[in-house]
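Number of protein chains: 2
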Amino acid sequence: MKIDSIGNWRRTHHTVDVKPELDGQEVTLFGWVQEIRDLGGIRFIILQDREGTVQITVPRKKVSGEVLSKSDALQKRFSIGVKGTVQKTEITPRGVEVIPKEIKIFSTASPQLPMDITGKVPANLEVRLDARALDLCREENIAVFKIQHAAVEAIRSFLFEKGFIEVHTPRIIASATEGGAALFPVNYFETKAFLAQSPQLYKEQLVMSLEKVFEIGPFFRAEESHTRRHLSEFVSIDIEQAFATAEDVMQLLEQLMQHACKVVKEKCRRELATLKHRLEVPEVPFKRLTYTKVLEDLKNEGVEIPWGEDIPTPAFRTLGKVHPYFYFITDWPTHSKAFYIKPRDDNPELCEGFDLMWRWIELSSGGTRIASKELLIERLKEKGLNPESFKHHLQTFDYGMPPHAGWAIGLERLTMMLTGKRNIREVTLYPRDRFRLTP
Amino acid sequence: MKIDSIGNWRRTHHTVDVKPELDGQEVTLFGWVQEIRDLGGIRFIILQDREGTVQITVPRKKVSGEVLSKSDALQKRFSIGVKGTVQKTEITPRGVEVIPKEIKIFSTASPQLPMDITGKVPANLEVRLDARALDLCREENIAVFKIQHAAVEAIRSFLFEKGFIEVHTPRIIASATEGGAALFPVNYFETKAFLAQSPQLYKEQLVMSLEKVFEIGPFFRAEESHTRRHLSEFVSIDIEQAFATAEDVMQLLEQLMQHACKVVKEKCRRELATLKHRLEVPEVPFKRLTYTKVLEDLKNEGVEIPWGEDIPTPAFRTLGKVHPYFYFITDWPTHSKAFYIKPRDDNPELCEGFDLMWRWIELSSGGTRIASKELLIERLKEKGLNPESFKHHLQTFDYGMPPHAGWAIGLERLTMMLTGKRNIREVTLYPRDRFRLTP
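Protein chains in written order, with this note's numbering: chain D, 551 to 989; chain Y, 551 to 989.
Because the hints were derived from the structure by calculation, they are not lab data.
Just so you know, even glycine gets a beta-carbon here, dropped at the ideal spot from N, CA and C.
Hints should not be assumed to be uniformly reliable.
[Unchecked claim] What follows is a set of in silico ranges between Cβ atoms, one per label pair, in the way DEER data are often shown: (1) D/Glu711 to Y/Ser939: 42 to 52 angstroms; (2) Y/Lys712 to D/Asn973: 30 to 40 angstroms; (3) D/Asn973 to Y/Lys569: 54 to 64 angstroms; (4) D/Ser619 to Y/Lys871: 52 to 62 angstroms; (5) D/Glu928 to Y/Thr578: 24 to 34 angstroms.
Could you put the whole structure together from the sequences, leaning on the hints where they help?
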């Protein structure tokens, strides 16, 4: 089949912007064939683009021979351009159709697509991920990633306003940034290296110079677990702030969450409707529960956890029923948090680390960091980590480490909250998890 | 030494905002001791924060005993808080000083710092990179990264306005994205994987659904070369656009460059002054030179390059003298560009790929992409690549691949242009290159 080039054609409107008010006007539309229906003398083509769909109506007797043969050649997912006249009508839901004067076929598509692109015939997630580029064409998925985009934009401009500087820290690192969690090994020329699981140590070092920094980007965790909320490659939204405490950054975090929800609710009405998701803008301050209080709440629900132990996922699900919204968990046992989290001055058993929860999902965690080199070395040892392998980082504490605090938000989990999706792979373009690497 | 906590202290002003107009007012300042000078009965402390410096003047007889003992304990790079009164004065360049009422010492620093933090005694780059966290405290370096931050913010908002959606593509990939260039191997659980050298194939797939996408983030190249403009880990600014040609995205790129220069020149006056760099806002359109024309220009300069061969760095340096500004190089020989660059319809020997040059530095490269599966397979073979290892990508061409074009800008090279720095490691927080991994 002859493939057309764009030539001098340029899009004049997106499908959603073709409205009855344009009756009689000529428009140039680009997109893909979503559906084709024949009604005797008339052929209906549903043209889809990023913003929605519009009906192209081809009255066989009234169009040129070339338009007719082109429209007959069309199949689902052909990428096409249409030059035509807008016409008011009663027969389409949007009250408008386009009568083509010229059609260009930019590319064909396979007659056997791996799934129904209208989503009317649901496909299971594995099939969808195997044909992800096609799966992402479904209006529902486009909505998810538009919402994610709007949220990230809102978060960035919020942090800009607050005087945070965006930084780009290394992903290939010489030694474990946080110890503990599993790292992916990389062959870095002749030496062995790892993929960073967070910008933690770098962002802490940077508060010495840039004071308030943030980074949004991919990080890596060789998670053995395969759950609905873990990915081995995820996007983290990290901040670190000099001369600040946990309470300062908790207030920043709750304001940020409120702002992100507000912006998404305003800018993404159409997308939220497509997802049938009702997003509420939370009020601040968020509830603050101590770790000890959480154990009590769980006990009342019949879930007994000895003080000092981690809270397992099933318990969090119970907790999410008791507190079905945003809440902070504070005053964790020091030993249960990372080595860089500052113990409380009045009671070193407890630390100034916190988690931000949304129902049963941990959206963010952070805290006041340790600014004293001696204390940090002590904590490393308590964690069974070797201070020697952190010597480059420890060295920086000789340069005047200020008191500082920060947090990290998992973008995918945030997107689950914003879109109402319950599987983290649904909110990741090309999920990387324990059992999926290709493509 | 007793270390103070911030308690209820919060910064009221940055050093630069302490101006004579505030004469008599109380301020709370946070920062670091940059210099200390004693003049008999008076001690001068230069307090540095992210935005600049201010003089703290301690008249021994007039301050409390506690302030006196604290100020006597201070050394370079101690992180401190100062509550004091602003005082107009003739003796400081900025016409203002602060008389402390209270001083808090948040952290000490080593009496032997690896370099002079005022930068008056220059240290060589290796020494500086070994103590990078400290090196980054120098006003000049803070200026570099503030400029980079302002540029990235300007670029993002520009792309937002143009309707681009920010995406997050995988860094851990199953097979080489572009073939050719060296990749870093990663052990991905039981399977062998690689670090992505670009989002190329993913961003091309995404134009099928999101139409206009961009990504700003780290990518990886196992460059054997060790030059002043290569890093093994770099930040790439990538866009891809459906229903567009090379010319469309070249126009977008030159407007973007103009916009970024304009914003930086306006927002970063102080930083550009610190760097003694005169940034010009370029006029658009940029000069467009064909590859063939470039060879002629070089021949006139006595540099002979046979048609079809690559242009080596020394030749680019010569070219940079002939064209000392922004210019595009177009109409490259098809075989000299990546497999996904579209050959010209009228002459397949030449392709629709382009480079954006600034003097001798390649800032960006891009082009019209191949939208036909058959042609792409052909080009893969010509490049000696195995279509089988690209089957997941090739498959997506069955889903209706639209005509599309895009480009990638290297953020570090862009920052070199904006800051006047000539070594790429100067514009990278923690450079990762052939010979440096730690910390």
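Now for the hints, and whether the structure bears them out:
| no. | hint | verdict |
| --- | --- | --- |
| 1 | D/Glu711 to Y/Ser939: 42 to 52 angstroms | holds, 46 angstroms |
| 2 | Y/Lys712 to D/Asn973: 30 to 40 angstroms | holds, 32 angstroms |
| 3 | D/Asn973 to Y/Lys569: 54 to 64 angstroms | holds, 55 angstroms |
| 4 | D/Ser619 to Y/Lys871: 52 to 62 angstroms | holds, 56 angstroms |
| 5 | D/Glu928 to Y/Thr578: 24 to 34 angstroms | holds, 31 angstroms |
Checked against the numbered hints given earlier, the structure satisfies every one of them.
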